[in-house]
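2 protein chains.
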Amino acid sequence: MSNKYCLIMAGGSGTRFWPRSRKAKPKQFLTIFGNESLIQATISRFGNFIPDESIYIVSNKGQKEVLEQQTTRLPKENLIYEPVGKNTLPAIGLAALFIAKKDPDGLLVVSPADHLTQNDALFQETIESAAKIAQEKNGIVTIGITPNTPATGYGYIEIADEIQIGQTIKSYAVNRFVEKPNLEKAKEYISSGRFFWNAGIFVFKVSVFLEAVQKHAPKLYTDLLKIAETIGTESYEQVLDIIYNQVDSISIDYGIMEKADNVFLVQGDFVWNDLGSWEEVYKYDQQKDENQNVKSGEVVFINSKNSYVSAPNSLVAVVGLDDIIVVQEGDTILVCKRDQAEEIKHVVAELTKRNLNQYL
Amino acid sequence: MSNKYCLIMAGGSGTRFWPRSRKAKPKQFLTIFGNESLIQATISRFGNFIPDESIYIVSNKGQKEVLEQQTTRLPKENLIYEPVGKNTLPAIGLAALFIAKKDPDGLLVVSPADHLTQNDALFQETIESAAKIAQEKNGIVTIGITPNTPATGYGYIEIADEIQIGQTIKSYAVNRFVEKPNLEKAKEYISSGRFFWNAGIFVFKVSVFLEAVQKHAPKLYTDLLKIAETIGTESYEQVLDIIYNQVDSISIDYGIMEKADNVFLVQGDFVWNDLGSWEEVYKYDQQKDENQNVKSGEVVFINSKNSYVSAPNSLVAVVGLDDIIVVQEGDTILVCKRDQAEEIKHVVAELTKRNLNQYL
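Chains as they are written, first to last, in this note's numbering: chain A, 1 to 360; chain X, 1001 to 1360.
If you're looking for bench data, these hints aren't it; they were derived computationally from the structure.
Each hint should be verified, as a subset may be incorrect.
What the hints assert, rightly or not - Sample of chain X residues with no beta-carbon within 12 Å of chain A, all distances over it, derived:
| hint | residue |
| --- | --- |
| 1 | F1033 |
| 2 | Q1069 |
| 3 | E1158 |
| 4 | V1208 |
| 5 | S1251 |
| 6 | E1280 |
| 7 | S1314 |
| 8 | Q1328 |
Stated by the list, open to error - When the alpha-carbon atoms are kept at most 20 Å apart in a straight line, the in silico PhoX-like pairs for lysine-lysine are as follows:
| hint | chain 1 | residue 1 | chain 2 | residue 2 |
| --- | --- | --- | --- | --- |
| 9 | X | K1023 | X | K1353 |
| 10 | A | K345 | X | K1305 |
| 11 | A | K23 | A | K288 |
| 12 | X | K1295 | A | K353 |
| 13 | A | K345 | A | K305 |
| 14 | A | K295 | X | K1102 |
| 15 | A | K259 | A | K180 |
| 16 | X | K1061 | X | K1076 |
| 17 | X | K1345 | A | K305 |
| 18 | A | K76 | A | K64 |
| 19 | A | K288 | A | K305 |
| 20 | A | K61 | A | K76 |
All values derive from a computational prediction rather than experimental measurement.
By construction, the Cβ of each residue, glycine as well, lies at the ideal position given by its N, Cα and C atoms.
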């Protein structure tokens, strides 16, 4: 079996966790549960079965400081920075160049930095199964999370026939990738039993991935080759800057997964959550009190239930309100109805409009 | 006409304005509207027609520092301190001793420190009318606010016959004082047209008041005489301490107004609000935006209406919530449904139980 490598995708920004997340400290760097930030928890999860020197991170330069602070266990040369965000396919492509240079036969596991899972043993077993398929079938393998609700916030993957190569976890050929559905569609998907959530976790041999890029995104491939030539030389930064700035922004889903015919899905039955909003954090939290309230910090609830309060530096009293989210961060306070957590982006837009950059 | 004096009752404590109000800074010292605290606004209101040297304040020693800070326009000797809170009758009695010593024939206007009114001219005219009745009829006169809603949070006063002594404002003999009614009773009171709100504003000659104390609260009268003897002497503090600690706690309403037969009511048609809760502050505030939101500080409302946010040192974003109150004070945040503002006392009780004195 080839050596395994992990690539953690940490370039994300976003406004869903405002005011805890800021431009300079997006979600993956936040400690939402336990003692580790989400990216640290992700490193720990893979660190159980992949050596630290084989764990890579792709991020952007704006996050260099916080990334280095939070990833001291990894070699600094494993932190790869995009000059500018170009979605997942160029980012994975860039990182793949470094790994290919070290070990062209290596098996690469790609994962978002900002999701949470439970059951590390089953997680590892699932990844190992995917690696086996990636190796033996020269496949591009994705982990499909077995859905438990008709969620409309995720992309879905429809499976085709089951495949068997002696792996421990159920695996399938893939019929198609579909975008986030409406509720009706999502319900259909769930009841069919043939759809899984797209968790953004992929496993492939680096060589197989690069071949797929060559085939399905030839322009990007040419650009990547030009960058590859400069790795380890003084001109790397400059060449990267020039070339990367003009590559197309495209996701691996759209650029490769939906086009390739050697795509497989390994069923993920571990608990998984993309923590897409404060609402998801509330739902995921296991430490609810008898009124289904979640609190961190000093909080008083009076006549309140089903609410989430996170206030590390304040006392918060909630009186007579159900289903709310309260988040204090520095001198900023969010008070939000749980089912309107998606609207937080409008707060950020309004702050931008008012030029209140200190709160962004 | 006798000289007029004003006595502002500033001894109140209370939890309704937590977290803005604290033990060391109760409601009367808060700046809720405009640039003046409630007690400063009260002094200004009377200062329009009563000279500063005739304005007295009765408070307690725990508030000495903030009281002196906020009342620099008054002579320090006009600030009178109860050693311990004993409700309104002993407090007025104590202050009356000082005024009687200076001007036994003086007319005294007693007012809470923590209410707001609008229309200063009408307010003054109403007080002048009350003073005329107090003088000519040796009456104990109260201002009855013409009610505009069947409020259940105030005591009511039922009038008897109208009286006419050439005063400008309608005035009546008083039939009875009644406690805070339930809603049904309050509606009856309103529709009868014979009930007014008890605003805690009283006008009388000092001599008439002290005679009423002698008649209806003879034990208190005896105690007051003992204190009076020591005013201006070295033993004042010590004697006050001993005697005041053992006088009965009793309100002027219960101790005098409900018993005396020389009680009159002058109709108050100026806008009056006792600002009894954050809910009252929201209602009273005239600066509502198009969604009926009130804000002070940097606030973003998204899908929210009919809400009140006061956050002098924070940015607050409210998303998808109607009818809420958010108050930030230092490192303390209250988030409260408007119709449950009365429950704030339970927060204070809980903080007391948890021994979190820094938030009280």
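Query raised in the report: Of the hints given before, which are not true for this structure?
Result: 7, 8, 11, 13, 14
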